[in-house]
Amino acid sequence: MLSYLSEFDHVFGPLRLLHYITVRSVGAAITALFIGFVIGPIFIRRFRELKFGHGYIDERTGELGATYFDKKHTPTMGGLIIFVSVFFSAVLWAEPNVWTVVALFVYTALTVPGWRDDYLKVVHKNKDGIKSWEKIAWQTGATVIALGLLLWHPQSAAKIRELWVPFLKTAVIPHMHWSLLLGLIYLWIVGFSNAINLTDGLDGLAVGCTITVALVFGIMAYAAGNSIMAQYLLISYVPGTGELTVVCASLIGACMAFLWYNSHPAEVFMGDTGSLALGGLIGVMAFMIHQPLTLVIVGGVFVMEALSVIFQVGWFKYTRHRTGTGRRLFLMAPIHHHFQKKGWPETKVVLRFWVLSLGFALAGLATLKLR
Amino acid sequence: MSAMIKALTKQLDASLPFSRTTLLIGALWACAFATFVALGLRH
Chain F
23 MLSYLSEFDH
33 VFGPLRLLHY
43 ITVRSVGAAI
53 TALFIGFVIG
63 PIFIRRFREL
73 KFGHGYIDER
83 TGELGATYFD
93 KKHTPTMGGL
103 IIFVSVFFSA
113 VLWAEPNVWT
123 VVALFVYTAL
133 TVPGWRDDYL
143 KVVHKNKDGI
153 KSWEKIAWQT
163 GATVIALGLL
173 LWHPQSAAKI
183 RELWVPFLKT
193 AVIPHMHWSL
203 LLGLIYLWIV
213 GFSNAINLTD
223 GLDGLAVGCT
233 ITVALVFGIM
243 AYAAGNSIMA
253 QYLLISYVPG
263 TGELTVVCAS
273 LIGACMAFLW
283 YNSHPAEVFM
293 GDTGSLALGG
303 LIGVMAFMIH
313 QPLTLVIVGG
323 VFVMEALSVI
333 FQVGWFKYTR
343 HRTGTGRRLF
353 LMAPIHHHFQ
363 KKGWPETKVV
373 LRFWVLSLGF
383 ALAGLATLKL
393 R
Chain H
459 MSAMIKALTK
469 QLDASLPFSR
479 TTLLIGALWA
489 CAFATFVALG
499 LRH
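Sequence lines, in order, name chains F and H.
Residue 23 is where the first sequence starts when you use my numbering, and the numbers rise one by one after that.
Residue 459 is where the second sequence starts when you use my numbering, and the numbers rise one by one after that.
Simulated from the structure, these hints should not be mistaken for lab results.
All residues carry an ideal CB built from backbone N, CA and C; glycine is no exception.
You may find that some hints are simply not true.
As the list claims (entries may be wrong) - The following label-pair restraints were derived from C-beta to C-beta distances:
(1) F/ALA179 - H/ALA490: 23 to 33 Å
(2) H/ILE463 - F/ALA179: 44 to 54 Å
(3) H/LYS468 - F/LEU27: 39 to 49 Å
(4) F/THR44 - H/ALA492: 20 to 30 Å
(5) H/ALA492 - F/HIS197: 25 to 35 Å
Isolated chain F, as found in the complex:
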């Protein structure tokens, strides 16, 4: 909202700088980073006092549990650190419009079930967390309201119905039916929420990959919201989405601060509070800037992790059905545990997956020009 101060540049000249998305994005990233650094230790101390830690890592990693003993009491719910940093910073620096409102709405609406899930697991020792139907209800409700707002508002009503794919200069579907759009957005939100959740198994892995996705989406949002750049790159021009760059910058700053505490050996985990909401945020932003399929490329690590679980379970069930004995494709799924089983140290797996993530990010950025 600081952008409104630029109208007072006749009183104090430098205020005109607040008109620029680039300046506000840098401000947003620094603010989120600062908030994250300040609240991080406070939240972690509080989580420890409240015993918001649990031994789920042991259960998820099975035989590898022994190496995770030090993590058993590491508090979870660290997603709250990211949420507070992003939320405060984005509200402060982003210009309010339908795109930023919906992005922050989805992020907030999906932080609640994630937090409840973690809370039930660690405080009430309820292994299953929130009921599946409750999680689905939150995700469906958030998607329906978000899409309702986007279809209702004149700035987004026509634009959100367009479906664009990489490498093509025009929209594949210029006027999607709302039900198809609802299904796609829902699929993206749920898919990426689960994919980030699966990736969040090693210290710094999920949050590091989220930074690269946010970086690429920040650039893409800026290009989509700028008529000259959009025309030059032959991508869809979506007025107002440039402000999502500020949201992405907040996300980068917040994730950097969180990574400080989540780096090996982690002092805090993001938990479902972080993964569910981050997946929702990047999923919905992908549709706003007309880059839904690019997200599959940019978020390649998340996709790879999710597919490894799908293939592992699918192949196990198929071979058990055919031969009576279930076989595994990987030593363990999600795939980062496969490499751990092969003897790679945790930090090596994380760093190599970050390298992969950077590669996917570059491939995603290349799609901007290859049309």
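Fit chain H to the given chain F structure using the hints.
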């Protein structure tokens, strides 16, 4: 009445995971977000 409010405040302090100052900041920011939404959704 004031005794009841005091008792309720004490109970609230004991049951909430964060201090009242934190909650106040949260409430203020909720108002800021409400303004953000109102400004963002105006035609």
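Quick rundown of the hints versus the structure:
1. F/ALA179 - H/ALA490: 23 to 33 Å: 27 Å, holds
2. H/ILE463 - F/ALA179: 44 to 54 Å: 48 Å, holds
3. H/LYS468 - F/LEU27: 39 to 49 Å: 42 Å, holds
4. F/THR44 - H/ALA492: 20 to 30 Å: For H/ALA492 against F/THR44, whose Cβ atoms are near 28 Å apart, the range 20 to 30 Å holds.
5. H/ALA492 - F/HIS197: 25 to 35 Å: Given a distance of about 33 Å, which is inside 25 to 35 Å, the answer is holds.
Taken one by one, the earlier hints all hold for this structure without exception.
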